[in-house]
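J.: So the sequences go chain by chain: A and B. Count the first sequence with this note's numbering and you get residues 1 to 764, in order. Count the second sequence with this note's numbering and you get residues 765 to 1053, in order.
Calculated directly from the structure, the hints in this document are not laboratory data. Glycine residues also receive a C-beta, built at the ideal position from the N, C-alpha and C atoms. Please note: incorrect hints may appear among the correct ones.
What the hints assert, rightly or not - Residues of chain B placed beyond 12 Å of chain A at every Cβ, according to the derived structure: (1) Ser-959; (2) Asp-1020; (3) Leu-1052.
Stated by the list, open to error - Calculated Cβ distances over 10 Å to all of chain B for the following chain A residues: (4) Gln-207; (5) Phe-219; (6) Asp-547; (7) Glu-695; (8) Leu-719; (9) Arg-745; (10) Pro-747.
As the list claims (entries may be wrong) - On the chain A side, residues computed to face chain B include the following (Cβ under 10 Å): (11) Glu-192; (12) Leu-284; (13) Arg-285; (14) Gln-503; (15) Gln-506; (16) Ser-588; (17) Gln-589; (18) Met-590; (19) Ser-594; (20) Ile-688; (21) Arg-704; (22) Pro-749.
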Amino acid sequence: MAAAATAGSSPGSGPGDSPEGPEAEAPERRRKAHGMLKLYYGLSEGEAAGRPAGPDPLDPTDLNGAHFDPEVYLDKLRRECPLAQLMDSETDMVRQIRALDSDMQTLVYENYNKFISATDTIRKMKNDFRKMEDEMDRLATNMAVITDFSARISATLQDRHERITKLAGVHALLRKLQFLFELPSRLTKCVELGAYGQAVRYQGRAQAVLQQYQHLPSFRAIQDDCQVITARLAQQLRQRFREGGSGAPEQAECVELLLALGEPAEELCEEFLAHARGRLEEELRSLEAELGPSPPAPDVLEFTDHGGSGFVGGLCHVAAAYQELFAVQGPAGAEKLAAFARELGSRYFALVERRLAQEQGGGDNSLLVRALDRFHRRLRAPGALLAAAGLADAATEIVERVARERLGHHLQGLRAAFLGCLTDVRQALAAPRVAGKEGPGLAELLANVASSILSHIKASLAAVHLFTAKEVSFSNKPYFRGEFCSQGVREGLIVGFIRSMCQTAQSFCDSPGEKGGATPPALLLLLSRLCLDYETATISYILTLTDEQFLVQDQSPVTPVSTLCAEARETARRLLTHYVKVQGLVISQMLRKSVETRDWLSTLEPRNVGLLYEEGVRKAQSSDSSKRTFSVYSSSRQQGRYAPSYTPSAPMDTNLLSNIQKLFSERIDVFSPVEFNKVSVLTGIIKISLKTLLECVRLRTFGRFGLQQVQVDCHFLQLYLWRFVADEELVHLLLDEVVASAALRCPDPVPMEPSVVEVICERG
Amino acid sequence: MEDDAPVIYGLEFQARALTPQTAETDAIRFLVGTQSLKYDNQIHIIDFDDENNIINKNVLLHQVGEIWHISASPADKGVLATCYNRMSCGSQWETGRKSFHWLITISCCGIYRKAQARLCQIYCIENAHGQLVRDLDFNPNKQYYLASCGDDCKVKFWDTRNVTEPVKTLEEHSHWVWNVRYNHSHDQLVLTGSSDSRVILSNMVSISSEPFGHLVDDDDISDQEDHRSEEKSKEPLQDNVIATYEEHEDSVYAVDWSSADPWLFASLSYDGRLVINRVPRALKYHILL
């Protein structure tokens, strides 16, 4: 009843409220109704459905609240409201009560109808069930009858069924027996036909049975027969196996069959490997023959192809077959195979290395790299199969070694190219003198040398770069990604070459042929300039190029550019210093000869400038022209006839004067290092020459005219040398000292009038 | 007692000839010959009082001509020889009472040594120096070692048993090296004088006769008490330049060790300045102890 009332109340209150709702605020009403419902379901079920409840359940004045107290409400109304409102609310309340009454009536009526129909339905169902029960009873009896029948039939057929089963068993046995009896002949036939696989299968099937019934004579005979035939079969299989003519797959089949025949796996495995060895050795032999002593061996790519397809392919087959066949042997078998592969592999590698060694001569890397690539790629397959044999590692090692050798080779090549350039320069320097005409200028030669070296370097870099190309299989090995780039190419090749270049250049400085005859001075000059150029630009350019091309990722320390530059600069400086020494020496020798060969005591009054000095000045001028290589410092001096600041000191006072000068002037470092410019170079040469002159003069004794001759010569030198040197004072000082020394070495020092000296010099 | 400051003595004339008085082993005495064309030449006998740092001189007149070389008799204190040049009569050599067993010739680029008795060439160092060879000296304790110097600014040490390559090469001077002298007692000390106005004292330990670092009985010398024990703990010295003396302002043509004091040497420059120097004290003690 409660459930029915609940079902009726919710639809009932909805339509009852909204159409005839006396209050204007319909939405609020509805909310109130919802609240009521909620309250109803939330509280006890026994509460009356029509009971109004407010939103605040505790407010006793709320008409719809659960705790509505009519007395309180009335009191409140009476107390608070005026009469009119009371009247209104009374009518309102009456209307509401009336509406609620009608609602209630409707609900009761509707629910009553439903209850009646439900009662009808239940009564009908009760009748139906009773009928169904009867039918079920009947079904049960029927089933019992059926079971009974079935049991009786089974019992009748039992006997026959057993007999049939027995017969079937006999039949199967007989068939097996027949198979056994026929086995020898079948086996023979199979062996004759060469269907070894079939034979082995038969044998395998019969084996167990024969083993079990071997105490019966007939079976015994069959077994014996079978064993004979099987032995023959094994014999034949082995024969075939040994013949070796058939390829590896057939051999593998043979082995498989033999294994199935129960041959000892150990022995077979040995034999298998021995055969494989034979075959592979044949491959190796053919490779070796290709290698041969005769020079026209096939090119290295073809060689590695043959090796790859012949040997490595064979090895792959063997390894695959072995692992398939002898997998049961476990780690010992794998070890055996690995040893086998290692041994043959090392022989193969030896051959490949021999072949690659023959390839070292060529300058072209592309073929070699392709060959190495194939070689490496081919070996990756057996490498995967036989990780233990370490073939892939060994192959990588070979590739690395070859790469290193190539680097060495390229370094040699670069060195040779550099030396070749030097030889060319020497010839170019020697040739024009023979021809008597102006040869190519030093600047031109320098440019030639620099560009040719640079192009050689670039070519080498390009050639070496092939090793790291993306498509080459070994380029992603750590060696090629890191060490090859940084240590090999950058350090070994480029830095090594620059170093060796510097060393070669320096060796010209320390060569035992110190007389200067060995190396033409111009070559020294050119090399010096070359080194200087390298220091300023080329080294950093080359290294940047290398770093870009090889994307050096290795973090190992590399030689910084600055170190190389410093080395190059040092070399340039040493070369230039050596050049100054050599040139100074040449002029010194001339001066010395001129001083030493002359009889200064009995010489005549000077009329002319000494021939040799003129020559000396000419020489200086010629070296000046060759110095244009270093024309960084452009001479701003004008060609003047006289040195502006020179006042010849009176020879008699020079002793004192030069002493004073010495006190206040710096010590003259004769063989001091020179700067990289023309004036400094010339100053160096002139300093050396004048110091030599001084020392030579001190060793001689002069007559009066000898002294005057020295005076004239020095004045002449004064006139010509000032424009070549950075510090005129230095030349003055040295020349003054020469004249003073000559005066000291003269028992009768009567100097010439300066005006006369000038006249003579102008005439000269 | 005394400091290491050099003692300088000036002559009036140019000078090239310097020698210690070899026979004198008590006093430090040097002989200097002047080289003047206009005035009478002199031989200065210079005594150096080590205690008081005082120089005493005696002057002998040498009127025959300018002195190019001077040598004292190794046996007799009273005898000395000069090599002089008189105007108008070329050069004339006087060997005095000095007797050579070996005649050593210095020629351009080569060093020859000949036995006097048979006059056959024993060895010849071809191309010893790039230019002229100016001087040579034998190691007093290792007779097969000799030092040579020349116009290529280098000092080279040769082993006469194998003359294809110099044992050592020094390249410290910046001009011709005119003189090279081994110390008589401690042959690692090598003195060189050059026309770059410098005197350089080098320490050539690696080719000296003195053992370094271990105890070896030096049986050849009497100054055993000097280096009584070469302790093992002592670190071997490296070949190096000990000192560069720059007191001269003109080319130095002669340097020599005192015969009396192995730690003292004199150098003479063309302008007549004689400088007496000592081996640095630190090195001296290092060698001795």
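J.: Hint by hint, note whether the structure agrees.
T.: The hints, checked one at a time:
{"no.": "1", "hint": "Ser-959", "verdict": "violated, 6 Å"}
{"no.": "2", "hint": "Asp-1020", "verdict": "holds, 20 Å"}
{"no.": "3", "hint": "Leu-1052", "verdict": "holds, 34 Å"}
{"no.": "4", "hint": "Gln-207", "verdict": "holds, 87 Å"}
{"no.": "5", "hint": "Phe-219", "verdict": "holds, 97 Å"}
{"no.": "6", "hint": "Asp-547", "verdict": "holds, 39 Å"}
{"no.": "7", "hint": "Glu-695", "verdict": "violated, 6 Å"}
{"no.": "8", "hint": "Leu-719", "verdict": "holds, 26 Å"}
{"no.": "9", "hint": "Arg-745", "verdict": "violated, 6 Å"}
{"no.": "10", "hint": "Pro-747", "verdict": "violated, 4 Å"}
{"no.": "11", "hint": "Glu-192", "verdict": "violated, 89 Å"}
{"no.": "12", "hint": "Leu-284", "verdict": "violated, 52 Å"}
{"no.": "13", "hint": "Arg-285", "verdict": "violated, 53 Å"}
{"no.": "14", "hint": "Gln-503", "verdict": "violated, 19 Å"}
{"no.": "15", "hint": "Gln-506", "verdict": "violated, 14 Å"}
{"no.": "16", "hint": "Ser-588", "verdict": "holds, 8 Å"}
{"no.": "17", "hint": "Gln-589", "verdict": "holds, 8 Å"}
{"no.": "18", "hint": "Met-590", "verdict": "violated, 13 Å"}
{"no.": "19", "hint": "Ser-594", "verdict": "violated, 16 Å"}
{"no.": "20", "hint": "Ile-688", "verdict": "holds, 9 Å"}
{"no.": "21", "hint": "Arg-704", "verdict": "violated, 12 Å"}
{"no.": "22", "hint": "Pro-749", "verdict": "holds, 8 Å"}
When the structure is compared with the earlier hints, violations turn up for hints 1, 7, 9, 10, 11, 12, 13, 14, 15, 18, 19 and 21 and for no others.
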